[in-house]
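S.K.: Protein chains in written order, with my numbering: chain A, 1 to 498; chain B, 1 to 328.
Please keep in mind that the hints were generated in silico from the structure rather than gathered at the bench. None of the values given here were measured: they were computed from a predicted structure. Glycine included, each C-beta is placed from N, C-alpha and C at the ideal position. Misleading hints may appear alongside valid ones.
Unchecked claim - Pair ranges (Cβ atoms, derived):
| no. | chain 1 | residue 1 | chain 2 | residue 2 | range |
| --- | --- | --- | --- | --- | --- |
| 1 | B | Thr316 | A | Arg111 | 33 to 39 Å |
| 2 | A | Arg19 | B | Arg193 | 47 to 53 Å |
| 3 | B | Arg213 | A | Ala275 | 50 to 56 Å |
| 4 | A | Gly309 | B | Leu125 | 50 to 56 Å |
| 5 | B | His298 | A | Gly309 | 57 to 63 Å |
| 6 | B | Met38 | A | Ala138 | 36 to 42 Å |
| 7 | B | Trp321 | A | Ala257 | 44 to 50 Å |
| 8 | B | Arg213 | A | Arg111 | 17 to 23 Å |
Unchecked claim - Take a look, some chain B residues computed to stay more than 12 Å from chain A by CB distance:
| no. | residue |
| --- | --- |
| 9 | Val13 |
| 10 | Leu23 |
| 11 | Ala31 |
| 12 | Leu81 |
| 13 | Phe84 |
| 14 | Phe112 |
| 15 | Gly133 |
| 16 | Met297 |
| 17 | Gln304 |
| 18 | Val318 |
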Amino acid sequence: MPPPLLELRHIGKNFAGVRALDDLSLTIEPGEIHCLAGENGSGKSTLIKVISGVVVPDQGEMLFDGEAIRALTPVRAIACGVQVIFQDFSLFGNLTVAENLALSNELRDRRRFVSWRRVRAVATRAVARLGVDLDLDANVDRLPASGRQLVAIARALMSDARLLIMDEPTTALTRKEVETLFRIVRDIQARGISVLFVSHKMREMLEISEQITVIRNGRHAASGKTADFDEAGITRAMTGHDVGDVPYVWRGGSAAAPRLEVRGLAVPGRFRDIALTVQPGEILGIAGLLGSGRTDFALTLFGMHPGYGGKIAIDGVPVRLDTVQDAIGRGIAYVPEDRLTEGLFLSQSIDRNLLASCFRRLAAHGMLNRRRMRAAAALMIDAMRIVTPAGERPVMELSGGNQQRVMMGRWLMTAARILILNGPTVGVDVGSKAGIHAKLRELAQEQELAILMISDDVPELVQNCNRILVMHRGLIVDEIAASKTTEAAVSERLRLLA
Amino acid sequence: MTATSLLRRPETVIFLVIVMAMLAIGLVNPAFWQLGNMFSLVRANIVTGIMALGVLTVMISGGIDVSFPAFAMMAMYLTLLWMFATGYSGVALPFGMATAIGIGLGALNAFFVHSVRMIPLIVTLGTGALVRGFLLGVIGTSTINIDRMPTPLIDFARIDLLSTTGPDGGHAGLTAMVLIYLGFALLVHLMLRHTMIGRSVFAMGGDPEAARRVGFNIRRTTFFVYCLAGGLAGFTGLLHVSMIWLANPHDLAGMELDVIAAVVLGGASIFGGRGSVLGTMFGVFMLVMVNNSLIIMHISTTWQRVVVGVIVIAATAVTAWRDRKRIA
Chain A
1 MPPPLLELRH
11 IGKNFAGVRA
21 LDDLSLTIEP
31 GEIHCLAGEN
41 GSGKSTLIKV
51 ISGVVVPDQG
61 EMLFDGEAIR
71 ALTPVRAIAC
81 GVQVIFQDFS
91 LFGNLTVAEN
101 LALSNELRDR
111 RRFVSWRRVR
121 AVATRAVARL
131 GVDLDLDANV
141 DRLPASGRQL
151 VAIARALMSD
161 ARLLIMDEPT
171 TALTRKEVET
181 LFRIVRDIQA
191 RGISVLFVSH
201 KMREMLEISE
211 QITVIRNGRH
221 AASGKTADFD
231 EAGITRAMTG
241 HDVGDVPYVW
251 RGGSAAAPRL
261 EVRGLAVPGR
271 FRDIALTVQP
281 GEILGIAGLL
291 GSGRTDFALT
301 LFGMHPGYGG
311 KIAIDGVPVR
321 LDTVQDAIGR
331 GIAYVPEDRL
341 TEGLFLSQSI
351 DRNLLASCFR
361 RLAAHGMLNR
371 RRMRAAAALM
381 IDAMRIVTPA
391 GERPVMELSG
401 GNQQRVMMGR
411 WLMTAARILI
421 LNGPTVGVDV
431 GSKAGIHAKL
441 RELAQEQELA
451 ILMISDDVPE
461 LVQNCNRILV
471 MHRGLIVDEI
481 AASKTTEAAV
491 SERLRLLA
Chain B
1 MTATSLLRRP
11 ETVIFLVIVM
21 AMLAIGLVNP
31 AFWQLGNMFS
41 LVRANIVTGI
51 MALGVLTVMI
61 SGGIDVSFPA
71 FAMMAMYLTL
81 LWMFATGYSG
91 VALPFGMATA
101 IGIGLGALNA
111 FFVHSVRMIP
121 LIVTLGTGAL
131 VRGFLLGVIG
141 TSTINIDRMP
151 TPLIDFARID
161 LLSTTGPDGG
171 HAGLTAMVLI
181 YLGFALLVHL
191 MLRHTMIGRS
201 VFAMGGDPEA
211 ARRVGFNIRR
221 TTFFVYCLAG
231 GLAGFTGLLH
241 VSMIWLANPH
251 DLAGMELDVI
261 AAVVLGGASI
271 FGGRGSVLGT
281 MFGVFMLVMV
291 NNSLIIMHIS
301 TTWQRVVVGV
311 IVIAATAVTA
321 WRDRKRIA
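Model the full structure from these sequences, guided by the hints.
M.R.: This is the structure we're talking about:
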């Protein structure tokens, strides 16, 4: 039996006194698809950096083809056949596909002059090898995320790769694109190239890989054949405990009027004839494919589609929501899909981010009371269980789950009565996800919030909502009581629409 | 290349705008089309144009340079003082010296931008003010008039490619200095399009982190772009005073805005990663032509500044809008 392609033995690494990796061992056989699972901050990225020679470990040894390699540098790692596809793809948006593919070749050959004919030839070969169709003359920033990923993969495969490391490759992809990606990954495998697939998405790991290694807090938590794992097993290994699986039950309210009542709501070209009621304490899920109009519906409630048709009533009072100020004033809060670009001020402090939407409420006679503000923010950091040493720290230092909590906390501080969440746990790891879900249920139950949850994550909807609406091409096509359905049934329903 | 993609190129757009503007100006004042005016228009392109080539390269790399007019004057003045001190009479060596001084000052910019990781705008504002202040405070403020200007320089800059005598008996010539401009433009174009250092400028402007990962030497590229801008500025400083026979250390102040306006007008992105030599040359031509035409249309020169300001804002707005569309 040939030696494994890569063997890590007892790797340890400290960063400024923090133990990032501790006695970690990992073996990758030639031609295997290996999943590396772990929550954010578990040491996955550090491990990738160790394998690609960017970070030098303090302890342990690394063997390629059974031979120990000391002082692995990025150049040595590439010579050993290690190629990393970073989450951001590391491509040049302002250059053409052809040039992006050929650049590293030109650099490796230490060229001084560029021959555009050679660039084209190299790129054509690279694309042909991957068996995909790409416009070589298009600028990369004109491509969708899936196209950019193909370019990154094609580029990685050019240089005789033997181990392809993919860091969270499915984050920006739709389900269909993920399937295409998996086909390509299996194709790569068929050529004897090993793939290290780094992810925190259970389903994908179970679907694509043969071996799984789970790490937690920089340590080996579990490993073995994928066939021997199930979702609960991986989750337990990743988080160190079982994550509750109890569906949300709405016990019914005593309110006279529904919290939110919508009749005949329509925005031309986006959606029409939307009618629904949400009671205080209800968590209503909205499922639907991309382009179903669900985001536009949410944005309309948040006052971003002025001039909509139809009627909206909150607590039995008819309202018009033509501006965001109207919506906030009526107690509607919206946590956008991409919290990073749409909501948070990343370089600003947690306190300021929390307070951003309620400065007016905290200001007496137009003057801000600093002590009151800090106290209010501290209360919310505590209530949302945001993990941070101090509220003055910038938000970008927080993990994805904690950032999401800051966003939710901000809206709760506006005394919101209706909370609209769009993809509440996109890019959030399992442990934090469970924490966010628990918090949402608690808010619905104890503070009688009405929550609208838009999500692609079917298990998330089935587990946390008491009702699920299915939107398709601008219409509500189905209403499902969560207690009477299963994940599989909802997924099947959505698949039929596609 | 299809017709629509050709139409979408910024070079095509600015070219069409230039043609329309020329027709419009010619209608208002037919004197615009006189050969003498055409020649002086070309002549006015040279200094702004060569400097713009350097600024273009810096902007493609994702940086910006506002220090070059100060560097140009510093290089020019030091070179002239050296010529007086030694009595040297030649052309090539002084130009080489001015270029070298410019390169040295450019390296100063690159050091702060790369090694100290400062924002290019702040760095070049600072070094520009510093160099200009040092020049005026320590080296001298006296203007060198034609009677003291070294004759070899004047004779060199007076070479004409061809000359005519206008209907009014006035003499007009097409200066040979335009060949220097075209030569530099060709070199910078070839460098940007066909050398690895040129592609590294584009790569760095697109994504510096990705450029580092793919194996470009970011430090070398940074030094290259700022030294190129400095060197071209130093050269042009001396060329400028040779052409106007007057060396005033206060000269060219405020020129950075014109040059940046021209580069942006030519389709370069203020965010880096995009731009071309041809577009920049068109941008320079457009700007110079508008400025010159205001004069022949008897509009007060103070309005030139308004026009330059409007062009900067309009051109930046258009490119920013274009780039945002790309990102979205």
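S.K.: Does each hint fit the structure? Answer for all of them.
M.R.: Hint check:
Checked against the hint of 33 to 39 Å, the pair Thr316/B and Arg111/A passes, with Cβ atoms roughly 35 Å apart. Against the hinted window of 47 to 53 Å, the Cβ-Cβ separation of Arg19/A and Arg193/B comes to about 50 Å, which satisfies the hint. Between Arg213/B and Ala275/A, the C-beta spacing of about 52 Å keeps the proposed range 50 to 56 Å intact. Take Gly309/A and Leu125/B: their Cβ atoms lie about 53 Å apart, and the range 50 to 56 Å holds.
Taking the beta carbon of each, His298/B and Gly309/A are about 58 Å apart, inside 57 to 63 Å as hinted. Checking the proposed 36 to 42 Å range against Met38/B and Ala138/A shows it holds: the Cβ atoms sit about 40 Å from each other. Between Trp321/B and Ala257/A the CB atoms are about 46 Å apart, so this pair conforms to the stated range of 44 to 50 Å. Arg213/B and Arg111/A have their C-beta atoms about 18 Å apart, which keeps the hinted 17 to 23 Å range intact.
With a minimum CB-CB distance of about 17 Å to chain A, Val13/B clears the 12 Å threshold, and the non-interface call stands. Taking the minimum C-beta to C-beta distance to chain A, about 33 Å, the non-interface status of Leu23/B holds against the 12 Å cut. In this structure Ala31/B is separated from chain A by more than 12 Å, as the shortest Cβ-Cβ distance comes to about 43 Å. The beta carbon of Leu81/B is kept farther than 12 Å from every beta carbon of chain A, the shortest such distance being approximately 38 Å.
Against chain A, the non-interface label of Phe84/B holds: every CB pair exceeds 12 Å, the least being about 41 Å. A cut-off of 12 Å between C-beta atoms confirms that Phe112/B is not in contact with chain A; the least separation is 23 Å. At roughly 34 Å from the closest C-beta of chain A, the C-beta of Gly133/B stays outside 12 Å, upholding its exclusion from the interface. Here Met297/B stays apart from chain A, with its beta-carbon at least about 39 Å from theirs, past the 12 Å limit.
No beta-carbon of chain A is positioned within 12 Å of the beta-carbon of Gln304/B; the least distance is around 33 Å. The claim that Val318/B lies off the interface holds: its Cβ sits roughly 17 Å from the closest Cβ of chain A, which is beyond the 12 Å cut-off.
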